[in-house]
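> Listed below, chain by chain, are the residues.
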Amino acid sequence: AQSVTQLDSQVPVFEEAPVELRCNYSSSVSVYLFWYVQYPNQGLQLLLKYLSGSTLVKGINGFEAEFNKSQTSFHLRKPSVHISDTAEYFCAVSDPWNTDKLIFGTGTRLQVFP
Amino acid sequence: DSGVTQTPKHLITATGQRVTLRCSPRSGDLSVYWYQQSLDQGLQFLIQYYNGEERAKGNILERFSAQQFPDLHSELNLSSLELGDSALYFCASSPQAGRGSYNEQFFGPGTRLTVL
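These protein sequences, in sequence, are chains V and B. Each step along the first sequence adds one to the number in this note's numbering, with nothing skipped, and position 60 is 743. Each step along the second sequence adds one to the number in this note's numbering, with nothing skipped, and position 111 is 165.
Just so you know, the hints here were simulated from the structure itself, not pulled from any lab data. Any given hint could be a false lead.
To be verified - No more than 27 Å apart at the CA atoms, straight line, and that leaves these computed lysine-lysine pairs for BS3-like:
| # | chain 1 | residue 1 | chain 2 | residue 2 |
| --- | --- | --- | --- | --- |
| 1 | V | Lys752 | V | Lys741 |
| 2 | V | Lys732 | V | Lys752 |
| 3 | V | Lys784 | B | Lys63 |
| 4 | B | Lys111 | B | Lys63 |
| 5 | V | Lys732 | B | Lys111 |
| 6 | B | Lys63 | V | Lys752 |
| 7 | V | Lys732 | V | Lys784 |
| 8 | V | Lys784 | V | Lys752 |
| 9 | V | Lys741 | V | Lys784 |
Claimed, not checked - With beta-carbon atoms standing in for the labels, derived distance ranges:
| # | chain 1 | residue 1 | chain 2 | residue 2 | range |
| --- | --- | --- | --- | --- | --- |
| 10 | V | Ser711 | B | Glu116 | 29 to 37 Å |
| 11 | B | Arg117 | V | Ala700 | 44 to 52 Å |
| 12 | B | Glu136 | V | Leu739 | 31 to 39 Å |
Just so you know, even glycine gets a beta-carbon here, dropped at the ideal spot from N, CA and C.
Bound-form chain V, shown alone (with noise of 0.2 Å):
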């Protein structure tokens, strides 16, 4: 079965730092990857997707991350984070034998300090 392992429950960081939040899955089978961002009192809202390709996937509000098949890793990051960026992160996997089916990991929370 497939799952998605976020390392960090919670990540501190100062603004204008950059900031990497990890994420391992697990699939013996090739998978579609996905890195979603929860505001507060907010629904999810989809930063960013690898499906094929090239393995640096670029999403949205400066976010990029990198899918590594042999460290069956898919690491958010972002070179200069901002107030604006506190929320949640999930990292998700879709099912293989169904792709609409999302696993997701536990979350990690991103606070970001003046």
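Start from chain V and add chain B according to the hints.
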């Protein structure tokens, strides 16, 4: 705003009761998904409907059921509620459904259910 609406925003009820959560998908979307976000289980896929028919099931309890109506809105029914059912319930929609192809899901703001 994703275009997916959910009502009510908040719901407080007692153990043993039954509630219904409603979701209206984006205009033109045929597929609806339900997810549960709780402190102990995280964010979990419950069920998917496509054009009125059940498409996929996840970790949905037998006390829970869902349906999608001809106008494509969906309802999630939760019965014999327990304290552990307290959670945020999200609905999402996508234009199509298809195994092996990508269908972007757009999430609603959620319904927060509190069982006392």
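> Now look at each hint and say whether the structure bears it out.
Hint by hint, here is what the structure shows:
1. V/Lys752 x V/Lys741: OK: V/Lys752 and V/Lys741 at ~17 Å, within 27 Å.
2. V/Lys732 x V/Lys752: Roughly 15 Å between the alpha carbons, so the hint for V/Lys732 and V/Lys752 holds.
3. V/Lys784 x B/Lys63: The hint holds at about 24 Å.
4. B/Lys111 x B/Lys63: holds, 24 Å
5. V/Lys732 x B/Lys111: holds, 23 Å
6. B/Lys63 x V/Lys752: With a Cα-Cα distance of about 40 Å, the restraint between B/Lys63 and V/Lys752 is violated, given a limit of 27 Å.
7. V/Lys732 x V/Lys784: Distance ~14 Å between V/Lys732 and V/Lys784 Cα, so the pair holds.
8. V/Lys784 x V/Lys752: holds, 21 Å
9. V/Lys741 x V/Lys784: OK: V/Lys741 and V/Lys784 at ~23 Å, within 27 Å.
10. V/Ser711 x B/Glu116: 29 to 37 Å: Once the Cβ atoms are compared, 30 Å apart, the range 29 to 37 Å for B/Glu116 and V/Ser711 holds.
11. B/Arg117 x V/Ala700: 44 to 52 Å: holds, 46 Å
12. B/Glu136 x V/Leu739: 31 to 39 Å: For V/Leu739 against B/Glu136, whose Cβ atoms are near 45 Å apart, the range 31 to 39 Å is violated.
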